[in-house]
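With chain X's structure known, arrange chain B on it following the hints.
Here is how the chains run, residue by residue.
Number of protein chains: 2
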Amino acid sequence: MTQATTRLNDVDLDAVTGLVDAINDDPGKAQTTWAAHVRWDSAFASSARIRNFDPIRSDEPAALGGGDTGPNPVEQLLGALGNCLTVGYIANASVAGIAIDDLRIDLKGDLDLRVFLGLAEGHAGFESITATVHLTSSAAPEQIDELHTKVLASSPVGHTLSHAVPVNIELAAPPRG
Amino acid sequence: MTQATTRLNDVDLDAVTGLVDAINDDPGKAQTTWAAHVRWDSAFASSARIRNFDPIRSDEPAALGGGDTGPNPVEQLLGALGNCLTVGYIANASVAGIAIDDLRIDLKGDLDLRVFLGLAEGHAGFESITATVHLTSSAAPEQIDELHTKVLASSPVGHTLSHAVPVNIELAAPPRG
Chain X
-6 MTQATTRLND VDLDAVTGLV DAINDDPGKA QTTWAAHVRW DSAFASSARI RNFDPIRSDE
54 PAALGGGDTG PNPVEQLLGA LGNCLTVGYI ANASVAGIAI DDLRIDLKGD LDLRVFLGLA
114 EGHAGFESIT ATVHLTSSAA PEQIDELHTK VLASSPVGHT LSHAVPVNIE LAAPPRG
Chain B
-6 MTQATTRLND VDLDAVTGLV DAINDDPGKA QTTWAAHVRW DSAFASSARI RNFDPIRSDE
54 PAALGGGDTG PNPVEQLLGA LGNCLTVGYI ANASVAGIAI DDLRIDLKGD LDLRVFLGLA
114 EGHAGFESIT ATVHLTSSAA PEQIDELHTK VLASSPVGHT LSHAVPVNIE LAAPPRG
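Line by line, the protein sequences are chains X and B.
Following the working numbering, the numbering of the first sequence begins with -6 at its first residue and continues without gaps.
Following the working numbering, the numbering of the second sequence begins with -6 at its first residue and continues without gaps.
Because the hints were derived from the structure by calculation, they are not lab data.
Treat the hints loosely; a few may be bogus.
[Said to hold, decoys possible] Taking lysine-lysine and the DSSO-like style, the derived pairs with C-alpha atoms no more than 27 Å apart in a straight line are: (1) B:Lys143 x B:Lys101; (2) X:Lys101 x B:Lys101; (3) B:Lys22 x X:Lys101; (4) B:Lys143 x B:Lys22; (5) X:Lys101 x X:Lys143; (6) B:Lys101 x X:Lys22.
[Said to hold, decoys possible] With the C-beta cut set under 8 Å, the calculated list includes, among others, these residues of chain B facing chain X: (7) Thr25; (8) Ala28; (9) Val31; (10) Val67; (11) Leu100; (12) Gly118; (13) Gln136; (14) Ile137; (15) Val150; (16) Ser155; (17) Ile162; (18) Glu163.
For glycine and all other residues, C-beta sits at the position ideal for the given N, C-alpha and C.
Only chain X is shown next, with the shape it has when bound in the complex:
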């Protein structure tokens, strides 16, 4: 016996539906923990290790005293937001029966370096972030608007940035000599 899988936008809808059903049966399955492990390489360069994937290299541009060997952390943050929004549009479109032809998202964020450099106190992070979504689809404009509303209401990275999330940064006990 073979079973046809249902695909739209190349998404395996059966897998998505199966996850939703599993969580409806056991809401505890919705509680997930995610992890990353960062190692300092040299100067301002470091690498983030996530599961078994190749490390993501990070550095600062020369204008900030870095070696410019990779995107810097605030750029990576913008990339993570764009990648998350992409999943949001594609997942919600697929469930709603909307075929997406093309999707590109341009992200930018403004940041005052003075707090980072110790020249001022206050908010060191992005003052604001803008994502401009270029979505090509033959769906009706009302369907695209509804899709957009759903994505705004459900983006894990988007909500992490737009809400104040408790961030606990602790020094581990130093290794014993």
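Leaving out everything else, chain B in the frame of chain X:
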């Protein structure tokens, strides 16, 4: 004439001091804008392009219906935080004359998938994020504590996550047919 550069933790301190002096002379130079450009590849896979660096591949694990070809966006967010904190410790240590022997940061975050999956309303993002910092240095514990305090007060990614930042997500006008 040659000029010796001052280096600690392989950081070019003259470059960092030069940036601080330049911003003190012209605070407008502290106003920076950062960018990333994301393209949908297929299903839940996409790539973030940042300046001329290799694209950062993103995907979802199979349990979430993805192809598992890269770290997912919330994992990338944790990696960006760890990379940012690393720059913070190394930069502040270097300016304070503290030599760092080794630095690793383990990050984790808890997330309830129900809002992302449309099974509940509310906060779709991380409920909390924890970074555990493994820092090896022969500096006095009080110096390390002071360093830690400075990093907490000045981390761009850390503050972006722990503060509510305006995130504006807009649909660009569709291309004309």
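So which of those numbered hints doesn't the model satisfy?
-> When the structure is compared with the hints, only number 13 turns out to be violated.
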